[in-house]
Amino acid sequence: MARHIVQILCIALLTGLALPNALAKPKRGVMPPVLVVERPWPPVVQIRVLLNTGSLADPQGQEGLALLTWDTALRGAGSRDRAQMAQALDALGAHLDVQVDKLGVSLVGEVLLEHLDTFLDLLSDTLLQPKLTDADIEQVRAQLLADVTHLRDDDSALAHDAIGRYLYRGQTLGRPTGGTETTLRGLTADAVRQFHKHCVVAGNVRVGFAGPVDETTAKALVEKHIDLPTGTPPKVTLPHGVRDGRRLLLLDKPRHTQSEVVIAWPTVAAHHKDMTAIGIANAILGGTFTSRLNREIRELRGWSYNTWSALSSGPQLTTWALGFTPETNDTTPALELAVKILEEMAQQGLTPQELRFAKDYLKGMHLASLETAERELGMRMRAQQLGMSADAIDNYAAHVEAVDYKTIQRVLHEHIKPEHLTAVVVGQGRVLEQKLRESAAQFEVELLPQDGRPEHTSVRGKTVGTRPVQVEEAPPPKVDDDPADSAEEDEPGEGDEPEDGDDSAPEGAP
Amino acid sequence: MKWWLLCALLTLTYAAQAAEPRAAGKGHAMQLHKPVDLHTAEVAAKAREAAFPEGAVRPKLLGVLPFGAGVVEQWQLPNGLQVVLAVDAQVPVVAVQSWLGVGSADEIAGKTGLAHLFEHLMFKSTKERPAGTLDRVLEQMGGSANAATSLDYTFFQETVPSTHVATVLNMEADRLVNLDLTAAAFRSELSVVRNERREVVDNDPDGQIEETMSELAWGKHPYGHPVIGTEKDLAALTVADARQFYQTYYAAGKTVLVLVGGFDPGALLQEVAQHYGALPQGSVPTRPSAVLPTGSAQRALAIDAGAERLAVAWRLPPGDHADMAALDVLTEILANGDSTRLAHALLYEQPLASHASADLNDARLGSLLQIHATLLPGKQAKEALARVDAAVKALVGPQPVTAGELTAAKNRLKMAHFSALTSVDGRAEQLGHFLVGYGSLQPLLRFSADVEAVMLADVQRVAQKYLVADQRIVVLGEMPPPKVARKRATAATKG
Chain W
1 MARHIVQILC IALLTGLALP NALAKPKRGV MPPVLVVERP WPPVVQIRVL
51 LNTGSLADPQ GQEGLALLTW DTALRGAGSR DRAQMAQALD ALGAHLDVQV
101 DKLGVSLVGE VLLEHLDTFL DLLSDTLLQP KLTDADIEQV RAQLLADVTH
151 LRDDDSALAH DAIGRYLYRG QTLGRPTGGT ETTLRGLTAD AVRQFHKHCV
201 VAGNVRVGFA GPVDETTAKA LVEKHIDLPT GTPPKVTLPH GVRDGRRLLL
251 LDKPRHTQSE VVIAWPTVAA HHKDMTAIGI ANAILGGTFT SRLNREIREL
301 RGWSYNTWSA LSSGPQLTTW ALGFTPETND TTPALELAVK ILEEMAQQGL
351 TPQELRFAKD YLKGMHLASL ETAERELGMR MRAQQLGMSA DAIDNYAAHV
401 EAVDYKTIQR VLHEHIKPEH LTAVVVGQGR VLEQKLRESA AQFEVELLPQ
451 DGRPEHTSVR GKTVGTRPVQ VEEAPPPKVD DDPADSAEED EPGEGDEPED
501 GDDSAPEGAP
Chain Y
1 MKWWLLCALL TLTYAAQAAE PRAAGKGHAM QLHKPVDLHT AEVAAKAREA
51 AFPEGAVRPK LLGVLPFGAG VVEQWQLPNG LQVVLAVDAQ VPVVAVQSWL
101 GVGSADEIAG KTGLAHLFEH LMFKSTKERP AGTLDRVLEQ MGGSANAATS
151 LDYTFFQETV PSTHVATVLN MEADRLVNLD LTAAAFRSEL SVVRNERREV
201 VDNDPDGQIE ETMSELAWGK HPYGHPVIGT EKDLAALTVA DARQFYQTYY
251 AAGKTVLVLV GGFDPGALLQ EVAQHYGALP QGSVPTRPSA VLPTGSAQRA
301 LAIDAGAERL AVAWRLPPGD HADMAALDVL TEILANGDST RLAHALLYEQ
351 PLASHASADL NDARLGSLLQ IHATLLPGKQ AKEALARVDA AVKALVGPQP
401 VTAGELTAAK NRLKMAHFSA LTSVDGRAEQ LGHFLVGYGS LQPLLRFSAD
451 VEAVMLADVQ RVAQKYLVAD QRIVVLGEMP PPKVARKRAT AATKG
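Chains as they are written, first to last, in this note's numbering: chain W, 1 to 510; chain Y, 1 to 495.
Hint data in this document are derived by calculation from the structure and do not stem from the laboratory. Some clues are possibly wrong.
Some residues of chain W that are not near chain Y, with every Cβ distance over 12 Å (derived) [stated by the list, open to error]:
1) Ala94
2) Asp101
3) Asp125
4) Gln143
5) Thr188
6) Pro234
7) Pro254
8) Thr325
9) Asp404
10) His413
11) Glu419
12) Glu446
For lysine-lysine, the following DSS-like pairs were computed, each having C-alpha atoms within a straight-line distance of at most 30 Å [stated by the list, open to error]:
13) Lys224(W) / Lys197(W)
14) Lys232(Y) / Lys435(W)
15) Lys393(Y) / Lys379(Y)
16) Lys224(W) / Lys232(Y)
17) Lys363(W) / Lys340(W)
18) Lys340(W) / Lys435(W)
19) Lys465(Y) / Lys224(W)
20) Lys465(Y) / Lys410(Y)
21) Lys235(W) / Lys273(W)
Label pairs and their computed distance ranges (CB to CB) [to be verified]:
22) Arg255(W) / Arg187(Y): 47 to 57 Å
23) Glu343(W) / Arg299(Y): 41 to 51 Å
24) His321(Y) / Lys340(W): 32 to 42 Å
25) Ser357(Y) / Ser156(W): 13 to 23 Å
26) Glu336(W) / Arg287(Y): 44 to 54 Å
27) Thr216(W) / Thr40(Y): 27 to 37 Å
28) Ser156(W) / Thr402(Y): 34 to 44 Å
29) Ala148(Y) / Arg255(W): 24 to 34 Å
30) Ala394(Y) / Glu444(W): 31 to 41 Å
All residues carry an ideal CB built from backbone N, CA and C; glycine is no exception.
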């Protein structure tokens, strides 16, 4: 009882409310669901506000709208203009950033526990009442246009951006989150304001806390600060297919001595029953330092420092990709070798020893992924967004262990399709073009100048027919009034895999 | 200084009490930790020391220090190996980090890049284990491994489930003295490193600017050559160079082993003594010393990029100097936040840049306060330099630091302080950085207090003392003017 009273007192102090009404404040709108990952130390709280509307909701021809909207939202809200908002956040030592991806928008903040209530006031204004002035929109537009230019200076970022566009060219998934020069210039202030209005509605927003805050306190704070209007968020058109065969986009960097190579193909959705097995396969393909790609390309031949494979999961499909960064002269043989490794995996599968190894690796890594409150919160909110149950995280080790040898062989055969690969190479186009065309890897090669973007290729790209992608009917993201209740009601996921925040994953898929 | 921070580590003793909140005044709304009882921790550590039998390898307790809400214990084996233990009973993993006091500053002319190359070579075969064993065993236990090299040190880090930490110690001790470096392994890894250099320097405009900045700022000082090495030196390195380097710098007596996470400190100390106790101490080479260079420098670098870059730096004293806390505050006031002076000058008021930041890179022989800006397309680095100079001139002259700026900077440093210590890896890294970089944990332990004690006058004093013209280094990353295309008319006339 004494502890309960102390807890209520803490909530009252933290929320700035007088007892005994602290927990009985009438709601003016709809309170979003709250997820809390509590850790006693350090005295820093991370707050994530996740909206289930990302750049996939950008209307065709208005790519970059979500990003422009939310980057501008950071420039003043409520009674504060940009400078006043920046000053208020800086005075607390707090950070408030926005992350926009295909699936959603995250407002992510960090603040000292002692300033949490004040910070939530600023965060709430940014979410609900951003100023979105014409002047701010213009300044942010200029920044985003600059980012489009800067993209060409970073081979890795350029390749990752290009693979998403090229793999899903002509589809919703192929549209760039950052927009293009043309679309960014065409976005109107009215479109920005409308987009914000449509996104911030009940049922489309959830809030997470990581740090020394308990669930009762967190809910009281959210109830105090965040009331959502009702409405209908923008709808998203599902992808429908990718082109057959092997295609390679070569982006010319005439003075570069090295190539950035990414190869990708689509596979099933995050909640699909085969996803755990696919995660196991990825660990053996290129997800570890002892993976086949790392062993063959980096360790034995020294062809690349950075060698990887990764899954970028979404509620409709997942993009499976691999990459490496060889010297110009090693580019073609490295590409051929990577394709050969893929072909062997698809045809012959894994060895029983590899299966055992990957299971142990993933189970151990899962422990580390839950070490900090921030990581765990990010993982759990991402899983909710992907329509996965809490069971996918809570019982991850059991799901991994349940994948047997027969299953992994079937999954590799079904989900690696070496005959249908899309590749991007950023490198010396004039040196590489002929070699790649004559390569045993047999890619259809398309060369673009160094600042060429796949958006410009529609008239040059050869349409060879499309192959349907196995698109899942996505379960609706779980946005409930009480996430604790919803977690208990979740059916155990079959084959779910928490893939969260993989920085190496390409942007081409959610 | 990268706010090498205080750390609050939970001990088994206090874990049970940790979740009990208590009320406090507004501004300290929840207090979830009781401060550690240092005396109790010292008694427990001394009991562990006494538990080692006579005649066995017996670690010596050097000290128990308060560290946030917990403690950090410092030990030493008879062969000189230093051991740092920090228990966090709430996590199921352990960060194992081996820190060697050798970095690029220790390299000799013509052999640059050896320290970093060795960071890679340490994952090759030992006399007992074939190449790739360490990675394979670590990954099989669900662990991860990596390594890093700086001006002053090299460190190897593993994060593993707590149940496997003894296996990691066994492998770490093995590679510390038993590396079996073959010519083939050397060649393939050298190729990997040269590819790394192509990726992060030769084909990256920001990497080129950073390398130029080091060269200009430090010249012939031990910090003047790139950590990754020059391409010329890398191409000329031999396996004999590598073997010599290993014999010189890798030994138990030159190593600091940092362990942070969920473990029993008594049992873990026994494991350390077992695996490391018999290793030879090795002789400790004298580390280089040098005085700070002086003089300003400026270079325009042609970059292959879509927008120009600016880097401005000032030389500062070593990272354990008494002025570092005030310099940390000054760095924050200059650029780290959207309301700061350089944010205003470069990003928001008639914007010139899309990104701007400031860093204080602390090191053993001298530090650098660096400002970086990526310009908007079409804007010139020279314009941005003029704005930076004007902001600095105003700060040391007519527009001194305000009380509001000081408070905000302190709060930001406090935040960063805690954030960097959230994970066991982060905590281990802070401990290793200070102990190996400066030979003491004191600069880390007093960091918060030092920052809190900084007054407005201190910030003004260090700004006037260090942000001076004859210590300012500038690199302008400029885009070459577009080439004039040959006129078709000329060709047509010829035709």
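These are the hints, each one checked on the structure:
no., hint, in the structure
1, Ala94, "violated (7 Å)"
2, Asp101, "holds (20 Å)"
3, Asp125, "holds (15 Å)"
4, Gln143, "violated (5 Å)"
5, Thr188, "holds (21 Å)"
6, Pro234, "holds (28 Å)"
7, Pro254, "violated (9 Å)"
8, Thr325, "violated (5 Å)"
9, Asp404, "holds (19 Å)"
10, His413, "holds (25 Å)"
11, Glu419, "holds (30 Å)"
12, Glu446, "holds (22 Å)"
13, Lys224(W) / Lys197(W), "holds (21 Å)"
14, Lys232(Y) / Lys435(W), "holds (29 Å)"
15, Lys393(Y) / Lys379(Y), "holds (22 Å)"
16, Lys224(W) / Lys232(Y), "violated (63 Å)"
17, Lys363(W) / Lys340(W), "holds (29 Å)"
18, Lys340(W) / Lys435(W), "holds (17 Å)"
19, Lys465(Y) / Lys224(W), "violated (48 Å)"
20, Lys465(Y) / Lys410(Y), "holds (21 Å)"
21, Lys235(W) / Lys273(W), "holds (26 Å)"
22, Arg255(W) / Arg187(Y): 47 to 57 Å, "violated (27 Å)"
23, Glu343(W) / Arg299(Y): 41 to 51 Å, "holds (50 Å)"
24, His321(Y) / Lys340(W): 32 to 42 Å, "violated (56 Å)"
25, Ser357(Y) / Ser156(W): 13 to 23 Å, "holds (20 Å)"
26, Glu336(W) / Arg287(Y): 44 to 54 Å, "holds (47 Å)"
27, Thr216(W) / Thr40(Y): 27 to 37 Å, "holds (32 Å)"
28, Ser156(W) / Thr402(Y): 34 to 44 Å, "holds (41 Å)"
29, Ala148(Y) / Arg255(W): 24 to 34 Å, "holds (29 Å)"
30, Ala394(Y) / Glu444(W): 31 to 41 Å, "violated (59 Å)"
Checked against the numbered hints above, the structure violates hints 1, 4, 7, 8, 16, 19, 22, 24 and 30; every other hint is satisfied.
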